[in-house]
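Student: Both chains are sitting in their own frames, so use the hints and assemble them into the complex.
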Amino acid sequence: MNSIRRQLTTGLLAGFGLLLAGGGTALYGFVRAALLRELDGALHLKAAALLSATKQHQGKNYGRIDLEFRERATPGFTVLEPDTVFQCWRADGTELDRSESLGPAGLARPGPLGERPVFWDTPLPGGRPGRAAGLRFTPRAVGKAPPGEAQPQQQVELIVVVDAGEVARALGTLRLGLLLAGGGVLLGTVLLVNATLRRGLRPLDDMAAQAARIEVSTLDRPFAVAQLPAELRPIGARLNESLARLAEAFEHERRFSADVAHELRTPLAELRSLAEVALRWPEGEAARPAAWQDVRDAACQMEAIVNSLLAIARCESGRQPVRREPVRLRGLVEERWMPLAAKARARALALDCAVPDAAMVETDRALLGVVLANLLANAVDYAPERGVIRVTADTPGGRLHLRVQNAVTGLTAADVEKFFRRFWRKDAARTDGAHSGLGLSLARAAARTLDLELTARLETESRRTVSVATAPVTGEKEKAGDCSPAS
Amino acid sequence: MRLLLVEDSERLRRSLATAFKRSGYAVDATGDGCEGLWLAEANDYDVVVLDLMLPGLDGLAVLGRLRARGRDTQILLLTARDTVEDRVRGLREGADDYLVKPFALEELLARVQALCRRSYRQKRPRLLIGDLELDPAARRVRRAGQPVELTAREFALLEYLALRRGTVVSRQEIEAHLYDDQADLMSNVVDSAVCVLRRKLAAPGAPPLIHTRRGLGYVLEPEAA
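Those sequence lines, one after another, are chains G and R.
In terms of the numbering used here, the first sequence opens at residue 25 and continues consecutively.
In terms of the numbering used here, the second sequence opens at residue 152 and continues consecutively.
Hints were generated in silico from the structure; no laboratory data involved.
No incorrect hints appear here.
With a straight-line cut-off of 20 Å between C-alpha atoms, the simulated EDC-like cross-links for lysine to aspartate or glutamate are:
#1 G:K450 x R:D209
#2 R:K172 x R:D195
#3 R:K172 x G:D318
#4 G:K442 x G:D405
#5 R:K274 x R:E258
#6 G:K168 x G:D90
#7 G:K450 x G:D283
#8 G:K70 x G:D145
#9 G:K450 x R:D183
#10 G:K70 x G:E139
#11 R:K351 x R:E372
#12 R:K172 x G:E309
#13 R:K172 x G:E307
#14 R:K274 x R:E284
#15 R:K172 x G:E300
Next up, chain R with everything else stripped away, as it sits in the complex (with noise of 0.2 Å):
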C-alpha cells in the first residue's frame, strides 16, 4: 500500500513515515501543502495522511481541490484542532477519517490499515483466498494452515494482490501501489519480489496462487481461470 503523509512538523512527519514504512507501508512525505497536492495529484496514493495547518496551503484547501478533481483517494486528516466543528467541517470537506493530536501509533496505524481495506471494498478484517489465510492487522500469513514468513514489502505485495484477488494486476501498479519516491526501482524488481513471493507460499500439494498473465501483469486466485 502506499500513502503520501503531509506534516509540517518535521520530527513527527520522519516518525510517522518510518513507522509506516515498517508496518510495510511505501510512505512519500511532504511539509507542504502545495507540494501535498501536487503529489496527491500526481500519484495514486491508497491513502493520504494529511495535516490541516500547512505551510502553502492549508489542509482543508488540499483536501478540498483534491475531491474537486475527482480524486476518491483515502484521506485522513491528522490534526491538532480537536473541537467538534473542526471535526464536522474537515468531513464534510470530504474527509474519510479524522484523528486529533497526540494519538496512539497503534490507533493510526488501524485507520489507516481501515481506510486502505475501504480503498478496495474489502470489510474483513482477515483475507481468505483458498487455503491462504492473510491477518493484515497482525501482519501474519497461513498457507494450508502453515505460518509463512515474509518481508514486509512481500507482505505489502501480497495484500496488495489479495486486495485485488481476481483481477490482472499490472506491474505498474504494483510499483505505484508499493513503492515510493525514493525507492531505486529496476526493471525487474516487481518480477523478483512476485517470485520470491511464490517460492515462499509454495506448499507441497498445493496449487499456486500467483498466476502469470503474459503480457498484463499478475492475479492472485486459488486455480487459475
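So here's chain G without its partners, still in its complex pose (with noise of 0.2 Å):
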C-alpha cells in the first residue's frame, strides 16, 4: 500500500543512511591518508638514513659501491622482530645488500623505480602489515676517481619496508567505532524518524479516523479546522465545504423524499378508504357515483403531483428538449390566462395585461407557456377577490423582463423565500386538494431550462411581483397597452 509513512521513512532513513557512510567513509579516508602521510614520511627518513650511508669508491676499488649500514645499531632494525627491514639492488640487478631478518626471499619489486621515492603496503616477514618505500639513487662518491676515468654513476635501487601495524590497528580501530557509531546513529535515527512521523503525522491520522467516521448520521459534524496544521486546513476548510453540500443534499432528499410520501399518503389513504368502505358495506353509498367522484379526484390529485414531479426531474436533469422559435409574448400570456378566466371571473379578478403586441422572444413556446401558466394560476388562486392581476413587460439591457403582480394577504418576506419550495404552502395543513405545492417550482425547473431567472419578491406587504427575466427580444419594442382579460 501507499503510505506516506513507509515512503518517509524509507526516504528519511536511505538519505540519512548514505550522507552517514559517505561521511564515514570520508573520514576514514582523510584520517588513514593521515596516518599514511606520517608513516611515509617516517619510512622516507629511514631510506634517506640508508641512501647517505651507501658509497661509490672512485679511488681504490673504483666503482665499488658499499652499505656502510650497521643494522644491529641501528633502532627498529633488529634481526628477531624488526621493525623495519631494506634491500638493496645494483643497476645490474645483483643484490648489494639486505636486512638480516630477511631471510632468503627478500623482497619483491613492485617495478622499476625511480628517483622519487614511491610507497606501497607490502607485508613483513613473518605477515605482519608493512609500508614499503622504494628509490633509485646514485652512491654518495668517495675518492678521487683515476685520471682519464669518469666518475662512476651507477645507480642503486633501495625498497625499505616499516612496520604499519600501528597505522593499521588505529585504522581498523577507526573502521569498527565508525561502523558502531554509525549503526548507533542510524538505529537512532529510526527511532527518531519514527517518532518525529508519528507526532507529525498525527493530524493526518486524527483526520483520517474522523473521514472514515463520517456517516450520514454525522454529516453536522465538520473537521476542526483551527485546530489542524497549516498543510492540512485547506483539505480541511474544502472536506468541511464538501460535507456541508452532502449535508444539505441529503436533508433536501430527505425532506423531498417526506414531502412526496407525505403528499401522497392523503390521496392514498383516500382510495384505500373509499375502496375498504365500499367493499364492506357495496349497498351503500360508498359505492354510489359520488363515491366514484371521489376516487377519480383522489386519482387525479395523485397524477397531478407525480406529473409535476417528473416535469421538474425532466427540466433538472436536462433531458427535457428546447426547441425555440419567435414567440409574440402578448400572445401566449392570453392564452395561459384563457383556462383560468372563469376561475379569475368566478373570484373578480382581473387581468392587466401590458405587455407590448409586439413584444417577441426567441424561445420554447411550451415550456415559457408552462412558466406562465403557473405564475397566473398561483395569482388567481391566492391574490384576494375583486383584485387585479398585472402583466408588465420592459427591456433593459435589450432583454425582456416579464411581471407579474398581484395583491396578496398574510404573506411575509420568508414565505416569499420559499415561494420556489418544492411542496411548499403557506397553509401547512395542505387540506386543499387542489394545491400540491408544486407550481411555481415547475415554473422555475422550467425557467432554468430556457436560461430564465425567474425570481419573487414583496414590493409591499400586500403586493407582490414574481419576474422572469426572458430571452433577447427578437421584436421591435412598443407601446404598452392594456388588454383587457382574456375570459
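Tutor: Laid out in C-alpha cells, this is it:
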C-alpha cells in the first residue's frame, strides 16, 4: 500500500544512511591518508639514512659500492622482530645488501623505481603489515677518480619496509568505531524518524480516522480546521464544504422524500378507505357514483403530483427538449390566461396585461407557457378577491423582463423566500387537494431550462411581484398598451 | 359509542364517517382544528380521531389544549407524518394511539374499538354478562347460546350498557354517547330503543337483563340489585 509514513521513513533513512556512509568513508579516508603520510615521512627518513650510508668508490676499488650501515645498532632494524627491513640492488640487478632478518626470500620489487620515492603496502617477514618505500639513487662518491676515468655513476635501487601494524590497528579501530557509531546513529535515526513522523502525521491520522467515521448521521460534525496544521487546513476546509453540501443534499433529499410520501399518503388513504368502505358495505353510499367521483379526484390529485415531479425532474436533469422559435409574448400570456378565466371571474379577478403587442422572444413556446401558466394560476388562486393581476414587460439591457403582480394577504418576506421550494404552501394543513405546492417549483425548473431567471419579491406587505427575465427581444418594442382580460 | 373525527381531507372524512357510522358509532366530523377543539370540549366523546395538519388549529395544538384542560378522552392521531419523531411527539403530547396514512380500515376500526374498551377499563375483547355474550369485533350477540340479531344502533346501545354494567346510565348519557349532532332526537328515542332491545334480548325463562331505574335511567346486570 502506498503509505506516506513508509515513504518518508524509507526516504529519510536511506538518505541519512547514505550521508552517514559517505561521511564515515570520507573521515576514514582522511585519517588513513594522514596516518600514512606520517608513516611515509618516517619511512622516507629511514630510506634517506640508508641512502646516505651508501658509497661509491672512485679511487681504490673504483666503482665498488658499499653500504656502511650497522643494522644491529640502528633502532628498529633487529633480527628477531624487525620494525624495519631493507634490500638494495645494483643497477645490473645484483643484490647489494639486505636486512639480516629478511631471510632468503627477500623483498619483491614492484617494478622499475624512480628517483622519487614511491610507497606501497607490503607484508613484513612473518606476515605483519608493512609499508614500503622504494627509490633509485646514485650513491655518494668517495675518493678521487683515477685520471682519465669518469666519475662512476652506478645507481642503486633501495626498498625499505617499515612495520605498519600500528597504523593498521589504528585504522581498524577507526573502522570499527565508525561502524558502531554509524549503526547507533542509524538506529537512533530510525527511532527518531518514527517518533517524529508519528507526531507530525498525527493530525493526518486523526483526520483520516474522523473521515472514516463519517456517516449520514454525522455529516453535521465538521473537521476542526482551526486546530489542523497549516498544510491540512485547505483540505479540511474543502472537506467541510463538501460535508456541508452533502448534508444539505441529504437533507434536501430527505425532506423531498418525506414531502412526496406525505403528499401521496393522503390521496392514497382516501382511495384505500373509499375502496374498503365500498367493499365492506357494497349496498351503501360508498358504492354510489359520488364515491367514484371521489376516487377519480384522489387519483387526479396523485397524477398531478407525479406529473409535476416528473416534469421538474426532466427539466433539472436536462432531458427536457427545448425547441426555440419566435414567440409573441402577449399572445402567450392571453393563451395561458384562457383556462383560468372562469376561475378568475368567479373570484372577480381581472387581468391587466400591459405587454406590448410586438414583444417577441426566441424561446420554447411550451416551456415558457408552463412558466406563465403556473404564475398566473398562482395569482388567480391566492390573490384576494376583486383584485387585479397585472402583467407587464420592459426591456432593460436588451432583455425582456416580464412581471406578474398581484395583491396578497398574510404573506411575509420569509414566505417569499420559500416560494420556489417544492411542496411549500403557506397553509401547512394542505387541506386543499387541488394544490400540491409544486407549481412554482415547476415554473422555476422550466425557466432555468430556458436559461431564464425566475424571482419573486414582496414589494409591500400587500403586493408581490414574480419576475421572469426572458430571452433577448427579437421584435420591436412598442408602447405598452392595456389589454382587457382574455376571459 | 360516539366519535369525533377531525380530518381536513373532505373525501377521507366522508368515507371514514360512513365507515364509523356503519360500524355503529355516532360520528361528528369536522375538517377544522378550531371547530374540532370546540366539539371535543362541548361533547363527551368516547374517542377522538384527530388529523395533525389541520387548518385553523393543528392537531397537536388541539391535543395539547384538550389535555391541558383536563379532558381525558381517548385520542387517536391519524396522520401522514410517519417519522419516529412525529409518533413520539404525538404520543408524548397525550395521544393514546397513532396511525399513519394510508391505513387499513379494519385496523382503524380495531384501534378505535380498543380505545373505546380502554375508556371503560375493559380489556377483554368479549363481554360476558350472565348468559349474554357480546363480541364487539364481530358485532355478534348471543343470549343463552342463541344468536340475537341487532341493528348497528341497537348493538351500540347494548355495548354501551354492557361496558357500564352494574351502573345506572341516564337517558342523557345514552343520547350523548350514541347519537351524533345530526340525529333528530325525539323525547322518547332512548326509551323506544331500550324497549326494542329488551324485546330482542328476551329469552324464554331467562331473567331480564336491562332494568329501569325510575327517574334515573337504565342498568344492565344479570339480576336486579
